[in-house]
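For the record, the sequence lines run as chains A and B. For what it's worth, this note's numbering labels the leading residue of the first sequence as 57, then goes sequentially. For what it's worth, this note's numbering labels the leading residue of the second sequence as 117, then goes sequentially.
In short, the hints are calculated from the structure, not lab data. The structure displayed is predicted, hence computed values, not measured ones. Cβ atoms here follow ideal geometry from the backbone N, Cα and C, with glycine treated the same way. Take these hints with a grain of salt, some might be off.
[Unchecked claim] Sample of chain B residues at the chain A side, in silico, Cβ under 8 Å:
1) Glu118
2) Ala144
3) Val200
4) Leu205
5) Leu266
[As the list claims (entries may be wrong)] Calculated lysine-lysine pairs in the DSS-like style (CA-CA distance at most 27 Å, straight line):
6) B/Lys120 / B/Lys386
7) B/Lys120 / A/Lys76
8) B/Lys259 / B/Lys162
9) A/Lys76 / B/Lys386
10) B/Lys244 / B/Lys259
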Amino acid sequence: MTSIPAPTARATPVVLPVSKAVLWLASTVITALALYYFIGVDQGAISVFGNDMHIHEFVHDARHFLGFPCH
Amino acid sequence: MERKLLLRGVLVGALAGLLAFVFARIFAEPQIQTAIDYETGRDAAKAALDKAAGLPAGLAGPDIFSRAIQANLGAGVGMIFFGVAVGALFVVAYAVCLGRVGNLRPRALALLVAAGGFLAVYLVPFVKYPANPPAIGNPDTVKDRGGLYLLMVLCSVVFLVAAVWLGQRLRERFGNWNASVLAGATFVVAIGIVMAILPSLGHLAGNEQQSGNHTTETPLALTNAGGTIVYPGFPADVLFDFRLYSVAAQLILWATIGLVFAPLADRLLKAQSGMVEPERLRC
Chain A
57 MTSIPAPTAR
67 ATPVVLPVSK
77 AVLWLASTVI
87 TALALYYFIG
97 VDQGAISVFG
107 NDMHIHEFVH
117 DARHFLGFPC
127 H
Chain B
117 MERKLLLRGV
127 LVGALAGLLA
137 FVFARIFAEP
147 QIQTAIDYET
157 GRDAAKAALD
167 KAAGLPAGLA
177 GPDIFSRAIQ
187 ANLGAGVGMI
197 FFGVAVGALF
207 VVAYAVCLGR
217 VGNLRPRALA
227 LLVAAGGFLA
237 VYLVPFVKYP
247 ANPPAIGNPD
257 TVKDRGGLYL
267 LMVLCSVVFL
277 VAAVWLGQRL
287 RERFGNWNAS
297 VLAGATFVVA
307 IGIVMAILPS
317 LGHLAGNEQQ
327 SGNHTTETPL
337 ALTNAGGTIV
347 YPGFPADVLF
357 DFRLYSVAAQ
367 LILWATIGLV
377 FAPLADRLLK
387 AQSGMVEPER
397 LRC
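So that you can see chain B by itself, here it is in the shape it has in the complex (with noise of 0.2 Å):
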């Protein structure tokens, strides 16, 4: 039973994250494109600065595979093998809920799942450091930002856990409804805590001695030395879309994984409760 629901979850998270990578490479694409114009427009003009004022040239990134192949061929087995890892981790989830969280019909269950996954695993966490286009994040704080970033994913998924935990446990006292709500306002309230301690980026060591008091590291104008701007700060617009674009795909990842798993699961359990022949379909 195990493997035959695993199988479904990483050939159906293998299918999200196709999914969202053909909206990704329409939609994400030319703004990731836009983005990397403006970094090396911005860099140019950098570079342009530390001449004038006699500083040694920045070293550039290395460049390994080319546009294409990172747009067409890397985004997609990224997001690809991307969407295999959280089917996996989505049908261990959905093992372990079966049969503990209440009276839930199995399709449900998928539903509830997936929902919870897209929160605690992309959603919660973007709220606090959201995706970023090229161009934006300083490298030096890369270790950093990597950091905090899984911190903070680590404490959604085991605050969603925690809750989910104790909502069974206030079932019997407050009823169902009562106890969804107060093991929600109890997650709600422990992230916001997590989120409230943890730094902005724009605060890491790093940015602040160079750029001075910011909440984030989105690229402001470039000033010369005469305080006259000679680059401009990183577009909004092409800011917002990225980021809007990156919650819809995986809006998309977890919204496929949970509608396409949930028949598959409710006809495997289906199957297994009334069974006729236990043997034969027992894995």
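Extracted from the complex, chain A is given alone in its bound form (with noise of 0.2 Å):
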């Protein structure tokens, strides 16, 4: 997704000035991995709650299929 031309008439607008927006990036950023790692990563490789398996085993079919390393 490097930089293709796509000539128009008009270049885009910027949108969202990072010095004001960073708050909102970091935090939707934060919870996006947080949610990435619990779908993905918890109760395998490293585990947040200790030796509980449900997440793992809940999500299980999911994490093999969405290409993570499982068991």
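Using the hints, put the two chains back together into the complex; each one sits in its own frame.
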């Protein structure tokens, strides 16, 4: 997705001044990464709930299917 | 504006996860079941061999949820939430790219960001560490495998972002086309070096001791003390089908995100740029 040319009549405006939206960006990224972690990683390689396997076993098939390493 | 984009991205992500799950439920679940049946049969054969050799029996994995729950509810919830997570990350990438990566229309940019997500989050790591069905994977190496996979994902995402940045930097000097080709080539070389350096799963410490020098953890045929095959290796067709469907499901997921988000963002941005009452449309 590098800058493949697609000429348009007008430039796309900068919608998000990063300085203004840092908080919004950061909180979204952190929440999304936490979700990604619990779907894909937790209770496999590392675990925040110790030896519990409920999340791992529940999303087991999704994990295999989405390409994450699993047991 | 950010919140409106985010809401749309999350909803589109959930829809994309749902579609990918429907595909997976129809095409991949039979492969997963075949793999689990293979594993069960292999474990039984192994247990019989161990018993004959006087070795202690291995421990079985936990059975917290039934296969029906795992295949229908768990996989669905897992894939929808995965869609939500990547949908949110997609929106962040999209919002940051808007207006910063050349004269791209909002629709074209949505498709490109989705294509980038598919590549960096899934397909490039897949090339080194492909998706595996149950029965493939040594439980003792899961820590290493998890770490290596996430490292691959991290490298490909960081390199892709760097390549986009590089493409922008080179644009004035070499023109759009050449800058894009150069940035793409840099990405391929950089990620190729990482792939060459990282170990193959079969070469992890735990595996070399157990099963000798193989590149993957795919189970080989099980032989008894006399060298006769008592249980076959993992069926190659099942493995191929599983991986093909895994790629197809991710393709469905990211394509849905790109194609559905594109017109939504287009409308939102048009409404904003051509607004009559600025206050009313701002969020």
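Hint check results:
Because the smallest distance between the Cβ of B/Glu118 and any Cβ of chain A comes to about 5 Å, under 8 Å, the interface hint for this residue holds. Hint status for B/Ala144 relative to chain A: holds, with the closest Cβ pair at about 6 Å, below 8 Å. Checking B/Val200 against chain A by beta carbon gives a least distance of about 6 Å; that is within 8 Å, so the hint holds. Proximity of B/Leu205 to chain A holds as hinted, the smallest CB-CB distance being about 5 Å (cut-off 8 Å).
Because the smallest distance between the Cβ of B/Leu266 and any Cβ of chain A comes to about 7 Å, under 8 Å, the interface hint for this residue holds. At most 27 Å may separate the alpha-carbon atoms for a hinted pair to count; B/Lys120 and B/Lys386 meet this at roughly 13 Å. The straight-line distance between the Cα atoms of B/Lys120 and A/Lys76 is roughly 16 Å, inside the 27 Å bound, and the hint therefore holds. Between B/Lys259 and B/Lys162, the direct Cα distance comes to roughly 24 Å. Compliance with the 27 Å bound is thereby established for this hinted pair.
Between the alpha carbons of A/Lys76 and B/Lys386 the distance comes to roughly 22 Å, so the proposed pair stays at or under 27 Å and holds. For the given pair, B/Lys244 sits about 17 Å from B/Lys259 by alpha-carbon distance, which is consistent with the 27 Å threshold.
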